[in-house]
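Q: Each chain, letter by letter, is given below.
Number of protein chains: 2
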Amino acid sequence: MDKIHRYERMAALTKLLTASPNRIFTLSHFCDLFGAAKSTMSEDIDILKDVLARYELGKLDTVTGAAGGVRFRPSMGRAEATRMIGTLCRELNQPSRLLAGGFLYLSDILSTPSVVRAMGVILADQFYESAPDFVLTMETKGIPVALMTADALGVPLVIARRVSNVYEGSAVNINYVTGSSGHIETMSLSRRAVKAGQRALIVDDFIKGGGTARGMIDLMDEFSVHVVGTAFVMATASPEQKRIQGEKSLMVMDAHPDNPETLLVKPAAWLND
Amino acid sequence: MDKIHRYERMAALTKLLTASPNRIFTLSHFCDLFGAAKSTMSEDIDILKDVLARYELGKLDTVTGAAGGVRFRPSMGRAEATRMIGTLCRELNQPSRLLAGGFLYLSDILSTPSVVRAMGVILADQFYESAPDFVLTMETKGIPVALMTADALGVPLVIARRVSNVYEGSAVNINYVTGSSGHIETMSLSRRAVKAGQRALIVDDFIKGGGTARGMIDLMDEFSVHVVGTAFVMATASPEQKRIQGEKSLMVMDAHPDNPETLLVKPAAWLND
Chain A
424 MDKIHRYERM AALTKLLTAS PNRIFTLSHF CDLFGAAKST MSEDIDILKD VLARYELGKL
484 DTVTGAAGGV RFRPSMGRAE ATRMIGTLCR ELNQPSRLLA GGFLYLSDIL STPSVVRAMG
544 VILADQFYES APDFVLTMET KGIPVALMTA DALGVPLVIA RRVSNVYEGS AVNINYVTGS
604 SGHIETMSLS RRAVKAGQRA LIVDDFIKGG GTARGMIDLM DEFSVHVVGT AFVMATASPE
664 QKRIQGEKSL MVMDAHPDNP ETLLVKPAAW LND
Chain B
424 MDKIHRYERM AALTKLLTAS PNRIFTLSHF CDLFGAAKST MSEDIDILKD VLARYELGKL
484 DTVTGAAGGV RFRPSMGRAE ATRMIGTLCR ELNQPSRLLA GGFLYLSDIL STPSVVRAMG
544 VILADQFYES APDFVLTMET KGIPVALMTA DALGVPLVIA RRVSNVYEGS AVNINYVTGS
604 SGHIETMSLS RRAVKAGQRA LIVDDFIKGG GTARGMIDLM DEFSVHVVGT AFVMATASPE
664 QKRIQGEKSL MVMDAHPDNP ETLLVKPAAW LND
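In order, the protein sequence lines correspond to chains A and B. Going by the numbering used here, the final residue of the first sequence carries number 696, and the count climbs one at a time with no gaps. Going by the numbering used here, the final residue of the second sequence carries number 696, and the count climbs one at a time with no gaps.
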């Protein structure tokens, strides 16, 4: 193979690192791939670190120790995150989104890849240090944003089901009380899905009373899994007191002060910190 | 801002283009961002095109015309795709994956971001030229791979539900016959989700008889949407005659010739073409 220029190597290195978030690559891996000396690759990595920081395109971490190397962590500048969530709120406040019964049409937003990818990066950024082993969600609407959060964290997604089915093998079922209606519902997770002692991050689309989230925490208890955090796309302002505490949401939905029959969606306060 | 070197610009350019698959960026966009001349940016893009091709990291397309520019299309070399699917088949052929009733445990594979991302890239690569406007899937297990396929194609994901619910607004419901059990089931899609005249790519996790896929095609008929293709993670070898035709699957599952009570998973034949 011909000698490769630094500007060519930088392009390939960027693609490889950013396409596998949180995967640790050894320096030798890249030295072999590009036929470059360790000192040269080290310089390349320092350059990439600076470029990503300068344009707020994510973080490059150097991990020391026996299993050490370099990893890419998706991240979004706070200004861009605030702008992106602000744009989304303006879109969601369109009157055409109001459905019969005072509900808000969110399904398109929740399954547009570029939107859920951005949300996943913002949420993952809050939990890198908590080092979850997997992301847990409850079917169905939270799956896309939970998958993108798991992707940014470099961990698997685990999906709790409403019913256990033959494709999942033996399962643990729990009953929980939904916060909104007070109904008893069932949540099911395959015994194979997680291991005792692991750490879970819960991600879902919506939190109102917190009953479903409480159910997911109880389900993790059954598996002796520690929940490191809970994150949602949308929280309702009321009830203020939810069945869980310390949740992180991207947006808050409230009755409109000038018109109590319509809704007002706002970015969550912590985004402006 | 200090003058930026080509090797720095190449890193930022690569990240920006590869993080937004199929989005067309104008040359001026990058000229403004980097303070570079058009001729310089043109050279950068040619270099990136060559590097991506050399390391089989995807394709950079130049789009001419008024809305022209440059776009990144995720793509995987055929050798790497075959290797990746082969590794997956070996994993799925582990006896520990067999469940009671002769079913195969697939849930972990279907929600591991790096795995579904690779599958999404392989599937999207088959349908770029068909230019779908969205990807359609049926809840639940196909959602992650369908989302990653939609992401690679740069289009929204649309999720058909088993029941219509208040959060989706008014919906079109159809009944369909499942291929495996012959039961009548219902499939529901919000009226707002798609528009007449659009083009759909159907992506799901599993096809046996093809009843669910047939149902999705009929559902699209109700919306006057043209189905450009159907793609699946896993197809069963039997029945050979399915209720749809021309589907593209990544893997095929058959009874093991030496032991009819167990299963054998193989890469689909077209991957070796």
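Everything labelled a hint here was simulated from the structure, so no lab data went into it. It is possible that some hints are incorrect.
Stated by the list, open to error - Below, a list of computed lysine-lysine pairs in the DSS-like style, where the Cα atoms sit at most 27 Å apart:
| # | chain 1 | residue 1 | chain 2 | residue 2 |
| --- | --- | --- | --- | --- |
| 1 | A | Lys472 | A | Lys461 |
| 2 | B | Lys472 | A | Lys426 |
| 3 | A | Lys472 | B | Lys482 |
Predicted model, so just to flag it, every value in this text is computed and none were measured.
Q: All hints are to be evaluated individually against the structure, with a verdict given for each.
A: Results of checking the hints against the structure:
{"no.": "1", "hint": "A:Lys472 - A:Lys461", "in the structure": "16 Å, holds"}
{"no.": "2", "hint": "B:Lys472 - A:Lys426", "in the structure": "17 Å, holds"}
{"no.": "3", "hint": "A:Lys472 - B:Lys482", "in the structure": "25 Å, holds"}
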